[in-house]
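Position chain Y relative to chain G; hints supplied.
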Amino acid sequence: MQREVSSYAIAPSVKVKLLNAGFLSAADLCDLRPLQLSKEACISQEEAVEVLQAVRCELGQERAAAGRLTALELLGREQELGTIVTFCSALDMALGGGMPVGKTTEVCGAPGVGKTQLCIQLSVDVQIPVCFGGLGGKSLYIDTEGSFLVQRAVDLAQAAVEHCGLLAEDSEQQEALKGFTVETILSNLFLVRCHDYVELLAETYLLADFLAQHPGVRLVVIDSIAFSFRHDFDDLSQRTRLLNGLAQRLIQMATNHNVAVILTNQMTTKVWSGQSKLVPALGESWGHAATQRLILHWEGTHRLASLYKSPSQREATVPYQITGQGFRDAPPSDQPKASDDPSVRQSGSLSKRPRMEEDQSTRT
Amino acid sequence: MVCMGNMDWEQLELNPRIIAAVKKALQVHRGECPSLEPGHKLSLACPVLDALLRGGVPLSGITELAGESSAGKTQFGLQLCLSVQYPLAYGGLNSGAVYICTEDSFPIKRLRQLITQQARLRPELPQALIRSIRFSDNIYIEHAADLGALQACVSQRVPILLSRGLVRLVVVDSVAALFRSEFQADEGIERARHMLAFAATLHRLSHNYSTPVLCINQVTDVMDGPDPAHCNFGLVDNKVLPALGMAWANQVMVRLMLLRLPGCVGIGEQGGTSAPRRLEVVFAPHLPRASCLCGVWEEGVRGLPNRPRSVTKRLETTGELGLNDGT
Chain G
1 MQREVSSYAI APSVKVKLLN AGFLSAADLC DLRPLQLSKE ACISQEEAVE
51 VLQAVRCELG QERAAAGRLT ALELLGREQE LGTIVTFCSA LDMALGGGMP
101 VGKTTEVCGA PGVGKTQLCI QLSVDVQIPV CFGGLGGKSL YIDTEGSFLV
151 QRAVDLAQAA VEHCGLLAED SEQQEALKGF TVETILSNLF LVRCHDYVEL
201 LAETYLLADF LAQHPGVRLV VIDSIAFSFR HDFDDLSQRT RLLNGLAQRL
251 IQMATNHNVA VILTNQMTTK VWSGQSKLVP ALGESWGHAA TQRLILHWEG
301 THRLASLYKS PSQREATVPY QITGQGFRDA PPSDQPKASD DPSVRQSGSL
351 SKRPRMEEDQ STRT
Chain Y
1001 MVCMGNMDWE QLELNPRIIA AVKKALQVHR GECPSLEPGH KLSLACPVLD
1051 ALLRGGVPLS GITELAGESS AGKTQFGLQL CLSVQYPLAY GGLNSGAVYI
1101 CTEDSFPIKR LRQLITQQAR LRPELPQALI RSIRFSDNIY IEHAADLGAL
1151 QACVSQRVPI LLSRGLVRLV VVDSVAALFR SEFQADEGIE RARHMLAFAA
1201 TLHRLSHNYS TPVLCINQVT DVMDGPDPAH CNFGLVDNKV LPALGMAWAN
1251 QVMVRLMLLR LPGCVGIGEQ GGTSAPRRLE VVFAPHLPRA SCLCGVWEEG
1301 VRGLPNRPRS VTKRLETTGE LGLNDGT
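Read top to bottom, the protein sequences are chains G and Y.
For the first sequence, the positions run 1 to 364 when our numbering is used.
For the second sequence, the positions run 1001 to 1327 when our numbering is used.
Bound conformation, chain G alone (with noise of 0.2 Å):
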């Protein structure tokens, strides 16, 4: 392929030596050794090393693609990945169905606001049996804070359990609530903890080994992000780079596994033309890397969750809770405006979802 070497992911200062050497496109670069290359463009070896092992697998990438599918076939190969319900209805409805299987989305908010709690109950959501409407799957949680508390994953388990128990009609579904206990929620639970960016790069780049090795695993959550990744770096260009790896990872794992991720980021003051405002943290380039970002915030003392970007639902904003049991909708009371179409539809969702709440009547 004609692909030019300024369009790859390799540090400027090597690119200008590359371009000045001559080589413009990666097909002048793929069939050289690297020392020969490292002669040629006057680049150390280990980083005439790395232009090769970018170009490279690109170019493997892009002889291996499994033929080309028609839009029709997408269509349906999505609507039977499913959705992650989060329990909390309103949200749900703006999500079009829950959080989706095979895309990345990214959460973001302030301390406290609730980011971990909905990881948490995603994860207890995701392991809901098949008869419920749920996916039946597993999910593996990376830790990079230290917020995730057992005793809180204990809480939501319980309640997920009661909550499928009161729901159990048929034998089929009363068969698999025995399934379907605290202690069962808790070993399908699988849990990293991971203390700076260099073992959560490591881990992302194992992570295709442990999916193949647990095909039964449809959640990955990754909380948070931001946390590594705003120390410690003096070259924020670096910072970009890694970033932006990890993002493609995690996108290519998301469609060739099935599974949901989930990244959690911070907030951060940004100071403009004199006005502040708090924003999304890890910079402009960091806001295109999930396919979805949501956005939990504060407004008085309620809870709002903004949809910001979606390729497939309409923008909205929606309130929620935390309750003892989890992540829920917010008491009806007091639910300040709520900007969701009523019109939004929902994806497919043709699996036999019985109601979880009753409240859902635009479902199609």
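I should point out that these hints are in silico values taken from the structure, not numbers from a laboratory.
In this text, a Cβ means the ideal position worked out from N, Cα and C, and glycines have one as well.
Possibly wrong hints are sitting among the right ones.
Derived contacts from chain Y toward chain G, CB cut-off under 10 Å, selection only [unchecked claim]:
{"hint": "1", "residue": "G1061"}
{"hint": "2", "residue": "C1231"}
{"hint": "3", "residue": "Q1251"}
Then chain Y, alone, in the frame of chain G:
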């Protein structure tokens, strides 16, 4: 960039460690992973306060206590320094504490008073046990007059104490003082960088040694009207919020606020009165938004066994404090 080459090498080295590091939450719950001790917490030496925090201060991550001056924050710090020295069965960690002062000098007289009154504060403990512990021997006091000294203390001297098992509690009193005084109003980014570096050191220590870290923080006044640059964490009625902004808030796992209230409370006929305080949970991954009343007495801080109050209900008048009779 050498970075990519580095990544492969490090990946190889970490591979077995990372694979082994994947635990099931069930194993953590059952206590099969000693590095991720599930339920244990450092007791605050009072059952009412422990109930508010579901056990006490968590063993990893930064717990922050913010409040105005004379709210009683230092009292909490001192009380924890004594509580940590009891055995695990009694809510302690069987080890000492390091207390880092950045503002005033260490209140040694008050510490001595608390030590003599321990039996009164903890009547449920056997007297012999209390008498057998040499409390002041196990509290290491550090002074840090500027940021450089603070960072040096936390990255050099404190790890030595931790690695020798001499301490299992770090108290910083206060974080706000040095960060507020050494940076101008327009040096926000510089300040944030130092704060992140400091917080990162504390996190590393906390997680490596399974040690609770208590950071005492000051408060700032809240300007009237909504401010898009500041998050008030849903505390609309507060006139003050913890200092140091979003950069610091992102590093904190458990945020508590201590608010001094007007009036007077007493405990039964044991005599002595105190100005009531309200200890409020602003956020924590395992705690609901709740608060309880407490007071500071000769023997230390005690929670008042009134019903804990949910912050979102607006009952903010003094008439609702439920002050004890006999005041």
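Which of the stated hints cannot be reconciled with the structure, identified by number in ascending sequence?
-> Nothing - there is no hint that the structure violates, so all of them hold.
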